[in-house]
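Peer 1: What follows is each chain in one-letter form.
2 protein chains.
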Amino acid sequence: MQRYFSNKKIDDKLILSDDDIYHITTVMRMKDNDEIIVVYDKIAYLCCIENVKEKLKIKIKKQLEKVDYKTPNITLIIPILKEQKMDLILQKATELGVSEIIPINTNRSIIRLKDGKDIKKYERWRRIVKEASEQSHRIDIPNIYDIKNIEELDKLNGLKIICSTREKTKNIKNIMKKNQKCDRINLVIGPEGGLTEEEEEHLNKMGFISTSLGSRIMRVETVPMFVLSIINYEFME
Amino acid sequence: MQRYFSNKKIDDKLILSDDDIYHITTVMRMKDNDEIIVVYDKIAYLCCIENVKEKLKIKIKKQLEKVDYKTPNITLIIPILKEQKMDLILQKATELGVSEIIPINTNRSIIRLKDGKDIKKYERWRRIVKEASEQSHRIDIPNIYDIKNIEELDKLNGLKIICSTREKTKNIKNIMKKNQKCDRINLVIGPEGGLTEEEEEHLNKMGFISTSLGSRIMRVETVPMFVLSIINYEFME
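Listed in order, the protein sequences are those of chains A and B.
Per my numbering, the first sequence runs over residues 308 to 544.
Per my numbering, the second sequence runs over residues 308 to 544.
You may find that some hints are simply not true.
Identical chains share a label here; the pair holds if one copy fits it or two copies do between them.
What the hints assert, rightly or not - Result set (DSS-like, lysine-lysine): computed pairs, CA atoms no more than 25 Å apart in a straight line:
{"no.": "1", "residue 1": "Lys-320", "residue 2": "Lys-366"}
{"no.": "2", "residue 1": "Lys-477", "residue 2": "Lys-373"}
{"no.": "3", "residue 1": "Lys-349", "residue 2": "Lys-455"}
{"no.": "4", "residue 1": "Lys-437", "residue 2": "Lys-389"}
{"no.": "5", "residue 1": "Lys-480", "residue 2": "Lys-373"}
{"no.": "6", "residue 1": "Lys-360", "residue 2": "Lys-338"}
{"no.": "7", "residue 1": "Lys-475", "residue 2": "Lys-389"}
{"no.": "8", "residue 1": "Lys-475", "residue 2": "Lys-349"}
{"no.": "9", "residue 1": "Lys-392", "residue 2": "Lys-488"}
{"no.": "10", "residue 1": "Lys-428", "residue 2": "Lys-316"}
{"no.": "11", "residue 1": "Lys-437", "residue 2": "Lys-364"}
{"no.": "12", "residue 1": "Lys-475", "residue 2": "Lys-366"}
{"no.": "13", "residue 1": "Lys-377", "residue 2": "Lys-475"}
{"no.": "14", "residue 1": "Lys-512", "residue 2": "Lys-320"}
{"no.": "15", "residue 1": "Lys-475", "residue 2": "Lys-373"}
{"no.": "16", "residue 1": "Lys-316", "residue 2": "Lys-477"}
{"no.": "17", "residue 1": "Lys-377", "residue 2": "Lys-480"}
{"no.": "18", "residue 1": "Lys-377", "residue 2": "Lys-484"}
{"no.": "19", "residue 1": "Lys-349", "residue 2": "Lys-488"}
{"no.": "20", "residue 1": "Lys-338", "residue 2": "Lys-369"}
{"no.": "21", "residue 1": "Lys-488", "residue 2": "Lys-477"}
Hints were generated in silico from the structure; no laboratory data involved.
Bear in mind the structure is a predicted one, so any value in this text is a computation, not a measurement.
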């Protein structure tokens, strides 16, 4: 069943964006009484649609049960990569349950944003995580922060991990086994070519643990999927 | 350093394909005495190139140490998907250490190949896994089998897993924990919409265990990356 997110609820009616209304009426060609699922304020509702031909209304039929994913709150901290890789990471990270995404400037990033924001890029990213959230039946959409510098990552709480190409002894398994009860994980992924030694040391001083992902050599966009899969697995019951 | 695969060795010289020679001379514009790594018969050699301007020669300087990945032999069994998804799976599965890929016909596959082979598709797939093997510094290239029907999967040995959308109790973690010493894993991924009940039962009868991947809803191309990441993690030391 089609799923949408809503930001507004009036009595037993949920309000959708113009894009979603267009999708329902013109792309999906739905009819009165067709059912959809709409998520509002982290609750999923089974709804039926009314008045398609004039002013579409979304009427709540019942509240749906919440799925418990068991995973901690995950913040993914990534350099800005080329469009295709970035899109893939955002989509897959959303499917795999990331809560927040912090894009960062790093020395070896190919793409850097100075003003902290590039409106078009952010619009594109937000659309990708929204659509991936709908497709993977999430009840929330990952929050994408304004771009930060490494120095600004000092206020994060919880377990802090760097996916390091430099670290040879401590691996992700050692770290996960020691932190099986953590409720918040922050993951730093480096750019192609890795973080510089200076950047990694700076992060280490802020409490980030340099971690090896084993002996496989992965493309940068594979790394978040690898680590997020592992976290889902480790918290599976 | 650039890496290539060779199929032929004469004394201390390795022979490369015309495509690779073109890549070295024209794309990379290498010069005499430049170094490359060439893998021949699952051994990586540091080589230097000679005689670039006339008939390129690849001379072995020394044999490189073998990396031990600890993971079992993994056979990925997948329906044929649309080009972009298929390409992504082949690339990522190679990075994550798959040994063999068996494309299968399933009832809900959108794309089906009747004659067991589509030469152009196979050429494309072989190129993708070769390039991914070079990039991830593998010493072997995953073998892509001719397309099979489900009934033909009865001769596989080792642990046999179905990534099932139907199974609710046994999850991948239960299965992995019970099979920590297996040296061969066969993974069946279903098409969009999943395997039919009949197909799954047929596989169950051949010893395939239906397995849940937890409560997240993933796109079909995410599933192999998820499971392969988990296997790498489980066999990490």
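Peer 1: The structure should be examined with respect to each hint, and the outcome stated for every one.
Peer 2: Right, here's what the structure says about each hint:
Taking the shortest Cα distances, Lys-320 and Lys-366 sit within 25 Å of each other inside one copy (5 Å), while across copies they are farther apart (74 Å). Taking the shortest alpha-carbon separations for Lys-477 and Lys-373, only the inter-copy value of 21 Å comes in at or below 25 Å, while the best intra-copy value is 37 Å. In this assembly of identical chains, Lys-349 and Lys-455 lie within 25 Å of each other by CA distance neither inside one copy nor across copies; the values are 27 Å within and 44 Å between. Both within a single protomer and between protomers do Lys-437 and Lys-389 lie at most 25 Å apart by alpha-carbon distance, with minima of 20 Å and 23 Å respectively.
Proximity of Lys-480 to Lys-373 under the C-alpha cut-off of 25 Å is restricted to the inter-copy arrangement: shortest distance 23 Å between copies versus 30 Å within a copy. When the C-alpha separation of Lys-360 and Lys-338 is checked against a cutoff of 25 Å, the pair qualifies only within one copy, where the shortest distance is 9 Å, while the shortest distance between copies is 70 Å. Taking identical chains as interchangeable, the C-alpha atoms of Lys-475 and Lys-389 are never at most 25 Å apart, the minima being 28 Å within one chain and 38 Å between chains. In this homomeric assembly, Lys-475 and Lys-349 come within 25 Å of each other (Cα to Cα) only across copies, at 24 Å, whereas the closest approach inside a single copy is 41 Å.
For the homomeric pair Lys-392 and Lys-488, neither the shortest alpha-carbon distance inside one copy (32 Å) nor that between copies (35 Å) is at most 25 Å. Within a single copy, Lys-428 and Lys-316 get their C-alpha atoms no closer than 29 Å, and across copies no closer than 50 Å, so neither meets the 25 Å cut-off. In the homo-oligomer, the alpha carbons of Lys-437 and Lys-364 lie at most 25 Å apart inside one protomer (21 Å), although the nearest pairing across protomers, at 53 Å, exceeds that limit. For the homomeric pair Lys-475 and Lys-366, neither the shortest alpha-carbon distance inside one copy (56 Å) nor that between copies (31 Å) is at most 25 Å.
With identical chains, the CA atoms of Lys-377 and Lys-475 are at most 25 Å apart between copies only, with a shortest distance of 16 Å across copies and 30 Å within one. When the C-alpha separation of Lys-512 and Lys-320 is checked against a cutoff of 25 Å, the pair qualifies neither within a copy, at 50 Å, nor between copies, at 49 Å. In this homomeric assembly, Lys-475 and Lys-373 come within 25 Å of each other (Cα to Cα) only across copies, at 16 Å, whereas the closest approach inside a single copy is 41 Å. Taking the closest pair of Cα atoms, Lys-316 and Lys-477 never come within 25 Å of each other, the shortest separation being 49 Å inside a single copy and 39 Å across copies.
Taking identical chains as interchangeable, the C-alpha atoms of Lys-377 and Lys-480 lie at most 25 Å apart whether they share a chain (18 Å) or sit on different chains (14 Å). In this assembly of identical chains, Lys-377 and Lys-484 lie within 25 Å of each other by CA distance both inside one copy and across copies; the values are 16 Å within and 19 Å between. In this assembly of identical chains, the alpha carbons of Lys-349 and Lys-488 lie at most 25 Å apart only when taken from the same copy (24 Å versus 42 Å across copies). In this homomeric assembly, Lys-338 and Lys-369 come within 25 Å of each other (Cα to Cα) only inside a single copy, at 19 Å, whereas the closest approach across copies is 70 Å.
Taking CA atoms no more than 25 Å apart as the test, Lys-488 paired with Lys-477 passes in both settings, with 19 Å inside one copy and 23 Å between copies.
Violated hints, in rising order: 3, 7, 9, 10, 12, 14, 16; the structure is consistent with all others.
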